[in-house]
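Between the sequences and the hints, there should be enough to build the whole structure, so can you do that?
There are 2 protein chains.
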Amino acid sequence: VRISELSRRSGVATATIKYYLREGLLPAGELTAATQAQYDDSHLKRLMLIRALLGPGRLSIATIKEVLEVVDHPPQSPLQLLGEASVALSGAGSSDDIAEAEIEHARAIVDQLGWTAAADPAVLGDLARALAAIDQAQLTLISGGVQRYGRILAELAEAEVATVPMDSPEAAVRQAVLGTILIEPLLLALRRLALQNASGRRFGGNGPTSGP
Amino acid sequence: VRISELSRRSGVATATIKYYLREGLLPAGELTAATQAQYDDSHLKRLMLIRALLGPGRLSIATIKEVLEVVDHPPQSPLQLLGEASVALSGAGSSDDIAEAEIEHARAIVDQLGWTAAADPAVLGDLARALAAIDQAQLTLISGGVQRYGRILAELAEAEVATVPMDSPEAAVRQAVLGTILIEPLLLALRRLALQNASGRRFGGNGPTSGP
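So the sequences go chain by chain: A and B. Position in the first sequence counted from 1, then plus 2, gives you the numbering used here. Position in the second sequence counted from 1, then plus 2, gives you the numbering used here.
Worth double-checking, as some hints may not be accurate.
Remember, identical chains collapse to one label, so a pair may be satisfied in a single copy or spanning two.
What the hints assert, rightly or not - Straight-line distance between alpha carbons at most 25 Å, and here's what the computed DMTMM-like set of lysine to aspartate or glutamate pairs gives:
(1) K47 <-> D113
(2) K47 <-> D137
(3) K47 <-> E102
To be clear, the hints were calculated from the coordinates, so they are not data collected in a lab.
Written as structure tokens, this is what we have:
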């Protein structure tokens with residue numbers, strides 16, 4: 003189909019599609035004349051994927067380019083894949099500003115959880131930063147602490163990894179990378195709503211801040 | 003203490019402290035001379051809080067200002083508080099770009115979960131956007147789907163709300179607002195590490211992408 007029809011089907015403006023083409027996010031169509039190209043179903047799917055990543059994932063164009071690069075050129079193994087995706091997504095090298103002691107603290111928590119796979123340094127840095135902020139703010143954690151969050155997320159991760167198809171490398175990479183990214187905003191939105199609901203049930207319209 | 007001593011104790015550069023003072027994030031010190039001010043423990047605590055919010059929360063200066071505003075002027079009830087904090091944090095008004103059908107879908111999920119408290123429209127919009135992206139990308143969800151994530155987060159929310167102290171309104175607001183923000187990067191970092199570990203255990207060094 004022509005670019006105008008691709009625009010109609012995807013709901014993405016023609017100018018925006020041209021921008022994605024220029025940025026290399028979307029592969030060029032097949033030239034049928036000097037100024038006309040044809041697009042197929044693969045372009046439509048890729049366009050929906052770009053929109054999905056740009057939306058709640060709130061990734062930058064540069065990051066999306068890196069993620070699509072991983073999707074288009076899958077690495078040898080899913081473990082390697084998750085590593086590459088994590089690095090692409092977490093802004094590698096940003097672990098410079100964390101003290102070694104904080105990294106060690108994060109590593110100790112991962113060890114206590116029995117997570118034996120080699121932890122990605124960039125993500126370990128993210129964990130160290132998160133723990134340091136909680137510490138600085140003197141936030142009271144739930145009973146069970148960080149370990150409780152860890153155990154719950156480990157259980158979810160088992161279920162999430164089980165959704166990765168074993169028969170097609172392309173499908174496996176797609177599911178693993180997109181699952182990593184697209185579930186994050188879902189978790190955060192559900193958590194906010196769950197907190198509002200729990201708060202409403204516990205305190206009602208009033209609560210600790212209302213006087214006698 | 004003087005600003006130089008505040009800088010030493012907090013580990014925040016004097017120029018940065020002056021910037022926070024200019025932006026109104028940090029209250030002015032007590033003037034002891036025309037060009038000299040004294041700072042106390044409350045300034046040190048506030049400084050640590052700003053650093054915590056600027057860190058993994060990755061909030062902008064403008065958003066931090068709004069969050070501190072809520073912390074300094076607590077609303078009447080914790081429910082109202084969570085609402086105000088959510089609006090400050092979720093960039094209210096951004097729900098314009100979501101179709102009504104998608105909002106309805108999000109509302110139906112919240113209803114199915116039995117969350118009866120009035121859902122914040124901005125957060126409901128975030129949920130709708132997250133669901134639409136998952137849908138567009140044709141991502142396979144874990145068995146149990148969105149409901150399973152919801153039930154787990156509801157259980158965590160109960161425990162999190164239980165950490166909110168009942169005796170002091172200021173402490174209650176602080177814990178509720180900071181808990182909402184600072185646990186998010188913790189969850190995301192733990193999830194990435196849990197996924198790497200689960201992937202490593204399931205696929206080992208190889209997996210679906212390696213040939214026979």
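Hints and how they fare:
Within a single copy, K47 and D113 get their C-alpha atoms no closer than 40 Å, and across copies no closer than 31 Å, so neither meets the 25 Å cut-off. For the identical chains of this complex, K47 and D137 are inter-copy neighbours only, at 12 Å across copies versus 44 Å inside a copy, given an alpha-carbon limit of 25 Å. When the C-alpha separation of K47 and E102 is checked against a cutoff of 25 Å, the pair qualifies only between copies, where the shortest distance is 23 Å, while the shortest distance within a copy is 44 Å.
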